[in-house]
Amino acid sequence: MVRLITHNLLSCHAKGCTTNNFPLKFKDAEMEHREADFNPEFIRGLLPKIEWKALVDTAKELGDTSLPDEQPEMMDDELLKTLHRVLLEMHVEEGQMICPNCNHVYPISNGIPNMLLAEHEIA
Amino acid sequence: MIPTPNLSHLTAKDFERVYEPAEDTFLLLDALENDAEDLKSSLPLICLEIGSGSGCVSAFIGTLLGPSSALYLCTDINTHACQCTVATGRQNKVCLESVGTYLDRSLHTRLKHCVDLLVFNPPYVPTNSVEAESAQTSPAIASAWAGGVNGMELTNTFLKLAPVGLLEENPRELLAPQGRFYLVAVKENNIPNILATMLNEHNLAGKVVLRRRAGREHLHILRFEKQASQVQT
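Chains A and B supply the protein sequences, listed in that same order. With positions in the first sequence counted from 1, the corresponding number in my numbering is that position plus 1. With positions in the second sequence counted from 1, the corresponding number in my numbering is that position plus 1.
Any given hint could be a false lead.
Stated by the list, open to error - Taking lysine-lysine and the BS3-like style, the derived pairs with C-alpha atoms no more than 25 Å apart in a straight line are:
no., chain 1, residue 1, chain 2, residue 2
1, A, Lys-26, A, Lys-54
2, A, Lys-82, B, Lys-94
3, B, Lys-14, A, Lys-54
4, B, Lys-188, A, Lys-50
To be verified - Computed, partial: chain A to chain B, Cβ under 7 Å:
no., residue
5, Ser-12
6, Pro-41
7, Arg-45
8, Val-57
9, Thr-83
10, Val-87
11, Ile-113
12, Leu-117
13, His-121
For the record, the hints were derived by calculation from the structure and aren't laboratory data. Note that the Cβ used here is the ideal one computed from N, Cα and C, for glycine as well.
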């Protein structure tokens with residue numbers, strides 16, 4: 002499943018593509034919302050590993066504007082719940098992810114991102 | 002006692018294309034279960050399984066740690082295995098994040114120093130190199146077992162690509178400072194050599210935490226941790 006937490010951890014790894022290769026840009030994304038158990042401690046733990054701007058921009062592209070542009074210093078319960086929903090409950094089931102640098106297309110099918118490269122594309 | 006994940010949704014047809022959990026898988030589950038208290042108290046946030054196949058091991062880890070306690074990332078080169086992994090997650094009420102990729106590629110940059118629990122049950126069966134290589138380029142069932150010379154070709158590739166605990170400047174360092182790495186191996190893989198190499202080249206202290214004989218295979222579960230002096234605070 003491509004949830005936004007996973008998307009926030011994926012970068013392009015095609016041959017020679019080493020800068021500006023994150024975040025991948027969604028195209029033709031088909032979304033599904035699936036509830037997950039809220040665990041505020043888990044979200045708090047994940048925060049230092051999240052690239053905030055990439056997350057906010059991506060959520061916006063997918064039509065969700067609930068996160069503030071700047072990462073707030075204080076995380077209240079409300080915000081943790083919003084993060085929970087955006088990071089863990091939004092699933093991209095079908096579509097593509099495109100590298101902002103080299104335009105390599107990574108397809109998503111049945112919720113699974115295919116990051117495999119052909120022999121000549123491997124770094 | 003943590004139950005073995007329910008795999009009743011997978012069929013014989015699936016297991017023509019995806020490795021069916023066997024003694025090696027179960028030994029790995031046993032090793033993880035033996036360490037359950039330690040693993041739980043270390044509060045892992047990010048788990049990564051390389052080559053998740055049916056998804057049995059990650060579903061087990063998810064049940065052990067709690068479905069909402071950590072992120073369960075799984076990679077496999079075989080996209081049918083990726084589908085099985087997701088299905089097994091659903092069947093066992095753990096959300097498994099399946100990514101179709103070779104080893105840790107596309108994740109390694111962002112996961113640097115982030116993986117708390119790393120698990121790899123590699124294709125460890127000694128075969129010739131050609132067989133191992135073609136298994137990895139046209140991923141089907143053989144990619145789950147054909148290990149090349151000494152059964153170590155893919156393991157070596159991964160250990161070189163992801164030399165957890167190596168120098169700071171190595172971009173492929175995956176393990177978090179307190180992270181743990183579990184690796185399945187057989188006797189033919191030359192276990193003393195794996196342990197020595199990991200220690201000398203990657204500063205990872207490892208030991209055999211469990212071993213069992215299953216038919217011809219002398220199965221071993223190796224567990225690696227960063228050496229105390231290497232842990233950054």
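So, going through the hints one by one against the coordinates:
no. : hint                  : result
1   : A:Lys-26 to A:Lys-54  : holds (13 Å)
2   : A:Lys-82 to B:Lys-94  : holds (21 Å)
3   : B:Lys-14 to A:Lys-54  : violated (43 Å)
4   : B:Lys-188 to A:Lys-50 : violated (38 Å)
5   : Ser-12                : holds (5 Å)
6   : Pro-41                : violated (10 Å)
7   : Arg-45                : violated (10 Å)
8   : Val-57                : violated (16 Å)
9   : Thr-83                : violated (16 Å)
10  : Val-87                : violated (14 Å)
11  : Ile-113               : holds (5 Å)
12  : Leu-117               : holds (6 Å)
13  : His-121               : violated (12 Å)
In summary, the structure is inconsistent with hints 3, 4, 6, 7, 8, 9, 10 and 13 from the numbered list given earlier, while agreeing with the others.
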